[in-house]
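Peer 1: Line order of the protein sequences matches chains A and B.
Going by numbering that gives the first Met the number 0, 360 is the number at position 361 of the first sequence; the sequence numbering is gapless.
Going by numbering that gives the first Met the number 0, 47 is the number at position 48 of the second sequence; the sequence numbering is gapless.
Rather than coming from a laboratory, the hints here were simulated on the basis of the structure.
Note that this is a predicted model, so its numbers are computed, not measured.
Yeah, the Cβ is synthetic: ideal placement off N, Cα and C, and Gly gets one too.
One should not assume that every hint holds.
To be verified - Per the computed footprint, the stretches of chain B lying under chain A, defined by three or more beta-carbons under 8 Å from a beta-carbon of chain A, are:
#1 25-38
#2 137-148
To be verified - Simulated restraints, written as ranges between beta carbons of each label pair:
#3 A:T113 / B:E20: 36 to 44 Å
#4 A:K293 / B:Q148: 42 to 50 Å
#5 B:H91 / A:G225: 45 to 53 Å
#6 B:D100 / A:D51: 17 to 25 Å
#7 B:D100 / A:T193: 37 to 45 Å
#8 B:S46 / A:K392: 30 to 38 Å
#9 A:R322 / B:W21: 44 to 52 Å
#10 A:A221 / B:D62: 43 to 51 Å
Stated by the list, open to error - Dumping the calculated BS3-like pairs for lysine-lysine here, alpha-carbon to alpha-carbon at most 27 Å:
#11 B:K42 / A:K73
#12 A:K255 / B:K150
#13 A:K335 / B:K143
#14 A:K73 / A:K335
#15 A:K273 / A:K108
#16 B:K143 / A:K320
#17 A:K392 / B:K42
#18 A:K320 / A:K108
#19 B:K150 / A:K108
#20 A:K273 / B:K42
#21 B:K30 / B:K42
Listed here are the chains, written in short residue letters.
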Amino acid sequence: MAHLEDQRETIYKVDPAHPETRDLPILRTEELLLNMGPQHPATHGVLKVILDLEGERITKSTVVMGFLHRGVEKLAEHGTYHQFIPHTDRLDYVCAMYNNFAYCRAVEKLMNVTVPERAEYLRTIVAEIQRIIGHLFWLGTQALDIGAMTVFFYTFRDREILLDWFDELCGARLTTSWYRIGGVERDLTASLETKIRDFLAYFPPKIDEYVVFLEKNRIWLARTVGVAVISAEDALGYGLSGPTLRGSGVDYDLRKYESYGAYPKCEFSVPVGKNGDTYDRYWIRIEEMRESIKIIRQCMDQMPKEGPVMADVPSVTLPPKNRVFTNLESMIQQFKLFSQGFDAPPGEIYCGTEAHKGELGFYIVSTGGGNPYRLKIRSPSFIHMGAFDFMAKGYMIADAVTIFGSYDIVMGECDR
Amino acid sequence: MHPLAETIQARFADGFLSAHEWRGDLAVTVKRDALHAIGRFLKDDPSMDCDYIVLVSSVDWPDEEERFEVVYEVYSIRHRHRIRVKTRVPEHDCFVDSLTDIWPGAEFMEREVFDMMGIRFNNHPDMRRILMPDDFPEGYPLRKDFPLQGKGWRDTFEFLNEGSAS
């Protein structure tokens, strides 16, 4: 019993200025340090955040990352430009197609290669399919993290359909490596074209279905509206991009600002939020899926029915696979490109691409020869985590998950 | 020369070294001492208005006297222009002024440069390693003299072998 009395003394402190409070229990207050992660189901990989708490409010957060660091930038310096394409799959492993696209565009800018028209359309269609997959994945997991489980099953049902197309297109669902420098690896199959057309009619009502689950869900609204507000000025200073930046009211979208692929030939709008909170970032992703459907439909209509899907620049681009096995010159070309690489001109370029998470950029320094001298990946997840401390200050512990969920982080890309 | 580079040259005659344009990218090389002032000018001057920080990176040129190159890339949402600002640092005096007070997003990116290349930033709020472990003893992995397979730190780890696993 004496032991219990002692414990009371430490927990309840008496305020000496007010002796009458002697009999009232006064709660002890002190700062609490909470380790969140590295193994936490809502961190989308391996991320650790050390939270300084005052009660349930976050006063400071320290992000600890690098658990998934594989030294991709170092590996790039030791391989040829073509050999790096499969490495880009493993950056943002949820949406490999867009990483391939961003990398191939950067190398095409370095080598000054123009992509044939049909390939540009194919690239745009697949990139938009990948954007839908990315947003479906985000929507399902974000809702799951916040506590709305049902949406997850609906979004993953539709994501499976799209991943099966990738399987048909290039033989892999996630690590695709379908884009090539100067074009794409192969053309659409005939059945895929009809499948895409069917999907264009199937999908828009499904978006309304997800929205029904969330838009009138009081828990979802309470946990997203007004949470993690960031102003446009701060968001720009922190280098945020993609839906995270557009939620704050800046219409920065590289598809419009520095248009590429077949985007200049398509009509679409860029949804922009007003309040910069988690709800706006959610709303933008929903609207972007609708815009993606519009873009895919226009591309399917405008795309030339036939044509090469790979640029014919033998010093840079790979020969068609069927010719490699039957034609000596093509075989030598393939062999030389993979063993020595192509001779890149000395210089440096930066090329940013609007992936569904934000601006995915590649900064390549070349000193000539087949390997990049330096390759820096500007990954949106890494840069978004830089703003985490700023955005989480003053919010609840439970909101921490909402906040880095709303960046749509994937640690493979964050740690590289 | 590109008009933006001319503006920088006119304003910072001492700090400006050269401008280079290739494949539509504008790169400006400046002296290390002028980097912070030029960064402030790029952010605050209405004709520049570079409010969006794109990336901070570094390149290693081991054969040159000023071995490291620190690269900042900034963008103006209003004017839609992109400027790359580069500065050189010698190995024996590996310091640059941090631009975290101008663009707060530079904090993590500069930490990564320090982690990978070993360039320190003055007035940085939290100059620690970010991707590699805090006690990583082998140096800076993206330097050109760092071997691809590492320097053997992992060989010192204890592994369970088949004999002891049973």
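Peer 1: State for each hint whether it applies.
Peer 2: Consistency of the hints with the structure:
Restraint check on the stretch 25-38 of chain B versus chain A: 1 residues with Cβ-Cβ distances below 8 Å, three needed, restraint violated. Beta-carbon proximity to chain A at under 8 Å applies to 4 residues in the stretch 137-148 of chain B; the threshold of 3 is reached and the given coverage holds. Roughly 20 Å separates the CB atoms of A:T113 and B:E20, a value that falls outside the hinted 36 to 44 Å. At about 49 Å, the CB distance of A:K293 to B:Q148 agrees with the hint of 42 to 50 Å.
For B:H91 and A:G225, the Cβ-Cβ distance of about 52 Å falls inside the hinted range of 45 to 53 Å, so the restraint holds. Between B:D100 and A:D51 the beta carbons are some 23 Å apart, a value that agrees with the proposed interval 17 to 25 Å. For the pair B:D100 and A:T193, the supplied restraint of 37 to 45 Å is violated, since their beta-carbon distance comes to about 57 Å. One distance hint, 30 to 38 Å for the beta-carbon pair B:S46 and A:K392, holds here, with the actual separation near 34 Å.
Checked against the hint of 44 to 52 Å, the C-beta distance between A:R322 and B:W21 comes to roughly 34 Å, which is inconsistent with it. Separated by about 60 Å at the C-beta atoms, A:A221 and B:D62 break the suggested range of 43 to 51 Å. Annotation: proposed proximity of B:K42 to A:K73 is violated, straight-line Cα distance about 32 Å (limit 27 Å). The straight-line distance between the Cα atoms of A:K255 and B:K150 is roughly 46 Å, outside the 27 Å bound, and the hint therefore fails.
Using a Cα cut-off of 27 Å, the hinted pair A:K335 and B:K143 holds, with the two alpha carbons roughly 25 Å apart. Taking the CA atoms of A:K73 and A:K335, the gap is near 23 Å; set against the 27 Å cutoff, the hint holds. A hinted pair counts as satisfied when its Cα atoms are at most 27 Å apart, and A:K273 with A:K108 does not qualify at roughly 35 Å. Distance check on the hinted pair: B:K143 and A:K320 sit about 36 Å apart at the alpha-carbon level, beyond 27 Å; violated.
Proposed proximity of A:K392 and B:K42 is supported: the alpha carbons are some 26 Å apart, at most 27 Å. For the hint linking A:K320 to A:K108, the alpha-carbon distance of about 24 Å falls within 27 Å, and the restraint holds. For the given pair, B:K150 sits about 35 Å from A:K108 by alpha-carbon distance, which is inconsistent with the 27 Å threshold. With a CA separation close to 24 Å, the supplied pair A:K273 and B:K42 stays within the 27 Å bound.
Note on B:K30 and B:K42: the hinted pairing holds, with a Cα-Cα distance of about 18 Å set against a maximum of 27 Å.
This entry does not satisfy hints 1, 3, 7, 9, 10, 11, 12, 15, 16, 19, going by the numbered hints stated previously.
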